[in-house]
Amino acid sequence: MSKYMVKRVLLAIASIIIVTLITFFVMNLIPGGPFTAEKAPSQAVMDALTKRYNLDKPLGEQYMLYMRNLLHGDWGIDMKNGREIGPDLFSKFAVSAKLGGIAMIIAIVVGVILGSIAALKRNKVPDRIIIFFTTLGTAMPSFILATLLLLIFCVQLAIFPVFSSNPSLVLPVISLAVYPTAYITRLTKTSMLDALSQDYIRTARAKGVSRSKIIFVHALKNGLIPVVTYLGPQIAYIITGSMVVETIFTVPGLGTYFVKAITDRNYSVIMATTIFLAVLMIVANLITDIVYKLIDPRINFE
Amino acid sequence: MTETENIYKKRQILSAQIDLSKFNKKNFDKATDEEKKQQEVMGESSSFLKDGLRRLRKNHMAMASIIILIALIVAIIVIPMIVPYSYSDMITVNGHRDGTAVNLPPMYYSQRELQYMQETGEKLFPHILGTDSLGRDYFIRVVYGTRVSLSVGVVSAVMVLIIGVIYGTISGYFGGKVDLIMMRIVDIIYSLPDMLIIILLSVVLNARLTPLIKGTVLAKLGGNMLAMFIVFALLYWVGMARLVRGQILSIKNNEYILAAKAIGTPNGQIMRKHIVPNVLSIIIITTALQVPSAIFTESYLSFLGLGVNLPMTSLGSLANDARATITSAPYRLLVPALVIVVIVLALNLIGDGLRDAFDSKLN
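Sequence order for the protein chains is A and B. Positions in the first sequence are counted from 1; adding 62 to them yields our numbering. Positions in the second sequence are counted from 1; adding 1391 to them yields our numbering.
Since the hints were made in silico from the structure, they are not lab data. The hints are all genuine.
When the alpha-carbon atoms are kept at most 30 Å apart in a straight line, the in silico DSS-like pairs for lysine-lysine are as follows: (1) B:1449 x A:186; (2) B:1449 x A:183; (3) B:1643 x A:65.
If we strip away everything but chain A, and leave its shape as in the complex, we get (with noise of 0.2 Å):
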């Protein structure tokens, strides 16, 4: 196991170290280096960035130096209005955290059950009719549901203003939970299916337990599983997802923010979020992958 966990800690360090090196080159590769907007800054700004970001160094200087800038919680300078970028990703990132965890919690939840019923009624109407839904619910890009959700209760039912300063979490938390609880139905409907075939199952059916305490305790517990496999990938779609979501809706989040920047040309800004997000989704599959080992112990660890 300790063999194992350290083989993946290493797989992730070197992944994000890659990341960061991609990130950095990739942005150098812009004609004339990452700080020459079209619009170019005041002086003023031109002055602090060299000296944030070492611009009169070698480059591969620069990039050692930007790495440890970030290890020390330095994230660098908005090229745009000079403002520090590390307090204004944490307070936009509190945002999308909020809205992508409602989110999460709804579908783990709904999927989970839907999932479930559509495994005991197999074959049956309910079965057929969850699987319909889920079946359009993975075919439907999330900024497309977004879009007609806008369309359906701002527009035509104005239940919800259009353009809000404040806006109501309720309609980003649908776009956004639709994808993954279709996603998550599907997967608990067959590891379900998997886990009442089981020996265990029909043991316990054989000593009279109650139909409810095998499907909820015996059943679900093994079924679960997979599901906890998916939750981590789950965090790369969240974050992709809430780029398009939080722009339609106009919520105040990374992803508007990360939306904004590229629009912009803001590549400090591209910079840190990139990096930002990429250590969070791989952080995200690394605790995935080692809880997956824990609570699964028919996993052998070679």
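Got chain A; can you put chain B on it based on the hints?
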């Protein structure tokens, strides 16, 4: 009389053996061809492909999806030949740009077009989905957008297919140190956040590549799309490579591979003739499911403004542009959205159908 003859005699009495000496040739008829056929109880011989296709044909959802997809492909090839409007330019009446043909509702004509039709008595082709805010026929734009989105999906899937299969086959077949090193590379690539790298490369490469590809066919698609293809080629094949490697590891221990090796078949031929056909089903299924994922990625990028270059369009960028007129013309969003959903749904169902039909492990 010897002893053996004696035994023979006894057996003749007790057994059901027919005494042939009692019959002659006249008592026997030759069986007719029809009678011979009755003896054939063997079914028609069936290949792996035939079996799979038979199972696929029974899957109504998958068959319906295939028909819808084929119809869609035929439509996007044929329609631009019929509709006389261009996806990139404003509608012209009698050779003049028609400024009144902006934001027309579906099936309406602009003032100038009505005037023209009254004067000449000629019937103009209707604007089935109206026009957009720049006076371009929206229907033809949706058709071109579908073309772009589908081609992006197919090209990406083919790239993933080629790289993933070659890499996975080499890694799985040679095993040992080669496999170890190749799989560590895959592990690292697998953990890189692909979407972020696509965005990053699009931002950067667009600035770098656009001058390079100026004047070529690629310029029409633009640096962003090229960046996306590059990232697909660099990152997206790892899933396919892992899958193929796993399959090959289990196949290469079979006896027939050993036999082929024993008679001195070269490595390349073993791979081509014995291993690849056996992993073919899983490769086809994964490729089919890769197309929708590429279409999704492209639509996200278009949405972020990192999609195809103007005036070329894709379903994602159409949906994105439609947000500006969501209150006045919601159908401009609904139509491309519907097309994306239909394409992705159809491909998913076909992929699932193929898996059920061809994956022998599930039967």
